[in-house]
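J.: Residues per chain are reported as follows:
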Amino acid sequence: MTETYAAPRAIRPPVRTASQTQLETAGQRTPFEALFESEYPRVVAIAARILGDRGEAEDVAQDVFLQLHRRRDAPVPNASAWLHAAAAHSALNAIRSRRRRASRELRWAADPPPGNDPAEAAAAAETRRLVRSALARVRPRHAEVLALRHGGLSYAEVADALGVRVSHVGTMLRRAETALRKEIGDAPL
Amino acid sequence: MHLSDGTLRRSVDEPFALDAVRRRHLEACSQCRQRVDAIRTDSERVTALIATAASPVIDTDAALRRLHSRLRVPGRQPAGGAGWLRDRRRRGRVTRWSAAVVGAASVGVVLVGAGAAQGFITIFQPRQVAPVAVTEADISSLQGLASYGDVSGVPSLTLTQVTRGQAQALTGVTPPSPSTLPSGIPSTPTYDVINGGTVTFTFDRSKAQAAAERDGATLPPMPANIEASTLQLIIPSALVESYGIDIGQLVSGGTSSLDGQGLVIVAALLPRATSTGASAAQVEDYLLAQPGVPADLAAELHAIGNPSSTLPIPIPVSLASAQAVSVDGAAGLLIGDQTGVGSLVLWQHGRVVYAVLGSVSSGEVLDVAESIG
Chain Z
0 MTETYAAPRA IRPPVRTASQ TQLETAGQRT PFEALFESEY PRVVAIAARI LGDRGEAEDV
60 AQDVFLQLHR RRDAPVPNAS AWLHAAAAHS ALNAIRSRRR RASRELRWAA DPPPGNDPAE
120 AAAAAETRRL VRSALARVRP RHAEVLALRH GGLSYAEVAD ALGVRVSHVG TMLRRAETAL
180 RKEIGDAPL
Chain A
0 MHLSDGTLRR SVDEPFALDA VRRRHLEACS QCRQRVDAIR TDSERVTALI ATAASPVIDT
60 DAALRRLHSR LRVPGRQPAG GAGWLRDRRR RGRVTRWSAA VVGAASVGVV LVGAGAAQGF
120 ITIFQPRQVA PVAVTEADIS SLQGLASYGD VSGVPSLTLT QVTRGQAQAL TGVTPPSPST
180 LPSGIPSTPT YDVINGGTVT FTFDRSKAQA AAERDGATLP PMPANIEAST LQLIIPSALV
240 ESYGIDIGQL VSGGTSSLDG QGLVIVAALL PRATSTGASA AQVEDYLLAQ PGVPADLAAE
300 LHAIGNPSST LPIPIPVSLA SAQAVSVDGA AGLLIGDQTG VGSLVLWQHG RVVYAVLGSV
360 SSGEVLDVAE SIG
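Residue numbers (numbering that gives the first Met the number 0), protein chains in the order written: chain Z, 0 to 188; chain A, 0 to 372.
Please keep in mind that the hints were generated in silico from the structure rather than gathered at the bench. Just so you know, not all the hints are guaranteed correct.
[Said to hold, decoys possible] Each computed DMTMM-like pair below joins lysine to aspartate or glutamate, with the alpha-carbon atoms no more than 20 Å apart:
| # | chain 1 | residue 1 | chain 2 | residue 2 |
| --- | --- | --- | --- | --- |
| 1 | Z | Lys181 | A | Asp36 |
| 2 | Z | Lys181 | A | Glu43 |
| 3 | A | Lys206 | A | Asp327 |
| 4 | Z | Lys181 | A | Asp4 |
| 5 | Z | Lys181 | Z | Glu125 |
| 6 | A | Lys206 | A | Asp245 |
| 7 | Z | Lys181 | A | Asp41 |
| 8 | A | Lys206 | A | Glu226 |
[Unchecked claim] Label-pair restraints from in silico Cβ distances:
| # | chain 1 | residue 1 | chain 2 | residue 2 | range |
| --- | --- | --- | --- | --- | --- |
| 9 | Z | Arg140 | A | Asp203 | 40 to 46 Å |
| 10 | Z | Ser96 | A | Ala61 | 24 to 30 Å |
| 11 | Z | Ala122 | A | Ala37 | 41 to 47 Å |
| 12 | A | Pro220 | Z | Thr177 | 40 to 46 Å |
| 13 | Z | Arg95 | A | Leu218 | 36 to 42 Å |
| 14 | Z | Arg140 | A | Ala323 | 39 to 45 Å |
| 15 | Z | Val163 | A | Ser176 | 35 to 41 Å |
| 16 | A | Asn224 | Z | Ser166 | 25 to 31 Å |
| 17 | Z | Arg95 | A | Thr46 | 19 to 25 Å |
| 18 | A | Pro222 | Z | Ser96 | 48 to 54 Å |
| 19 | A | Ser29 | Z | Arg138 | 32 to 38 Å |
| 20 | A | Arg39 | Z | Arg140 | 18 to 24 Å |
| 21 | Z | Val163 | A | Asp203 | 38 to 44 Å |
Think of the CB as a built atom: it goes at the ideal place given N, C-alpha and C, for glycine as much as any other residue.
Based on the sequences and whatever the hints tell you, model everything.
T.: Here you go:
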């Protein structure tokens, strides 16, 4: 939604507190909801880079938010970084799971990627299959850094998620990209 | 000495992250330029390989409803009464002081915008703070910059009481534990969180033109990389640690000052900005050149230096004066309220910006700040 921007919204006189019912009617968000709203698209994007499938990426995103919510008795120090790392890790586990893989292949068979040209669609699906397979074979750390960076995180955010220094992210990313390309090799893409 | 592969790889995505020495080396060294070209080509191939064809539009509301249903909690409330949030919830506009702290990026929001989506480069990662005196008229003129494009996602500044652990989880900041408090201030704090958000700004030449015409002014030419840019500003959630004062009550009571003996510590990760094209300096130059932006304010903002690393703190001139102070070795600002309401000290340590404010003397807020370190 687009709205007209009033610059220093923060500098305003206080207003009276609304009741919880009024808040919900008015659509006000709780901090958890605010976190969800700001991070959900990025969590989906990270998982999608590994899974190659938006629907399955949303399944993973739902799972990691649920896990975070259930950790309320053992809070994490940086909720965003935790979500990012969990998204990459969970997506990787999903493609490493034979059961999930079989399920996914069925889904692809039933719901091929959009496109007017069946040959193009088939080639795109084959590329995704090869990439997923390669991501499952490279070192988990490589797959994670690829998903996090190519999922849209800044280097500082990737560093937070992986618990490394930001100056190390470029090196990790370069190695991971080289490893992925080597793993895919001469596969017809 | 040539640049490492890691440094060259980062320069592909975040060119402004290189320091001046490395940037100059890259510009001058043909060998490193060849290497960075090869690294860029590899990176682009990997990007194409793992890109997803699906629509980038995600229905977050529907996703949240789905999560609610999995949590088996009716309505919009995901945590029930005993989870992330305790029963007592409050919302309201915070006081002018805490608003000033939490909204410290207000001017930054106007100048840059931020976030992290694919293709974005980081253009604003502040490492220092600087005061900018603003008047009511300045604020009004800056509001007019909204006419230059579309803005969405401005956070609503919801204030919610949480536990210490929840505050840490939601803000990513360890709640400060001051070893010194002014006499008469209770030593047990309460915790609230003010939600942050991601503000997105997209330039729109036709809107800017229309706004200029309404004002009878001529729009300066909009550079192509400005027009094509989408900017995002991530404003992290802020932790509010209150001693001897109920912030929620203060807000709900409609008072605008810290009456009686009270002290509040605010801490938040620094905001940061990204852009799909233009740099922070280009955006600043363009916006401050617009008709209607007061020359004094533009000069003041230009004078604080590199807009990619300095966070302007707007300080109403009628309200306060600011002076540079040192807090445990870190550069900070001490703001004395000329109306006698209280004092505020603001400083940055690592990736966190802190503020201590209260109805106490400047020396006392500085002592508390020093004891946090």
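J.: Run every hint past the structure and note whether it holds.
T.: Evaluation of the provided hints:
1. About 19 Å separates the Cα atoms of Lys181(Z) and Asp36(A), which keeps this hinted pair within 20 Å; it holds.
2. Taking the CA atoms of Lys181(Z) and Glu43(A), the gap is about 15 Å. The hint holds against a cut of 20 Å.
3. Among the hinted pairs, Lys206(A) with Asp327(A) is inconsistent with the structure: their alpha-carbon atoms are about 47 Å apart, more than 20 Å.
4. This hinted pair checks out: Lys181(Z) and Asp4(A) have alpha carbons roughly 17 Å apart, not beyond 20 Å.
5. Between Lys181(Z) and Glu125(Z) the CA atoms are separated by roughly 18 Å; this keeps the pair inside 20 Å, and the hint holds.
6. In summary, the hint linking Lys206(A) to Asp245(A) is not supported, as the alpha carbons are separated by about 44 Å, beyond the 20 Å threshold.
7. Restraint check for Lys181(Z) and Asp41(A): the C-alpha separation of about 11 Å stays at or below 20 Å, so the hint holds.
8. About 11 Å separates the Cα atoms of Lys206(A) and Glu226(A), which keeps this hinted pair within 20 Å; it holds.
9. A hinted range of 40 to 46 Å holds for the C-beta pair Arg140(Z) and Asp203(A), which are about 42 Å apart.
10. Range check, Ser96(Z) to Ala61(A): Cβ separation about 26 Å, and the 24 to 30 Å hint holds.
11. Between Ala122(Z) and Ala37(A) the Cβ separation comes to about 27 Å, which falls outside the hinted range of 41 to 47 Å.
12. Distance hint check for Pro220(A) and Thr177(Z): the Cβ-Cβ separation is about 43 Å, which falls inside the suggested range of 40 to 46 Å.
13. With their beta carbons about 55 Å apart, Arg95(Z) and Leu218(A) fall outside the hinted range of 36 to 42 Å.
14. Hint check: Arg140(Z) to Ala323(A), Cβ distance near 43 Å, so the stated range 39 to 45 Å holds.
15. Judged by the Cβ atoms, the range 35 to 41 Å given for Val163(Z) and Ser176(A) is violated: they are separated by roughly 28 Å.
16. In this structure, Asn224(A) and Ser166(Z) meet the distance hint of 25 to 31 Å, their C-beta atoms being roughly 28 Å apart.
17. For the pair Arg95(Z) and Thr46(A), the beta carbons lie near 23 Å from each other, so the given range of 19 to 25 Å is met.
18. Evaluation of the 48 to 54 Å hint for Pro222(A) and Ser96(Z) yields a pass: the beta carbon distance comes to about 50 Å.
19. As the Cβ distance of Ser29(A) to Arg138(Z) is approximately 33 Å, the hint placing it in 32 to 38 Å holds.
20. Between Arg39(A) and Arg140(Z) the CB atoms are about 23 Å apart, so this pair conforms to the stated range of 18 to 24 Å.
21. Range check, Val163(Z) to Asp203(A): about 39 Å between beta-carbon atoms, so the 38 to 44 Å window is met.
The earlier numbered hints that this structure contradicts are 3, 6, 11, 13, 15.
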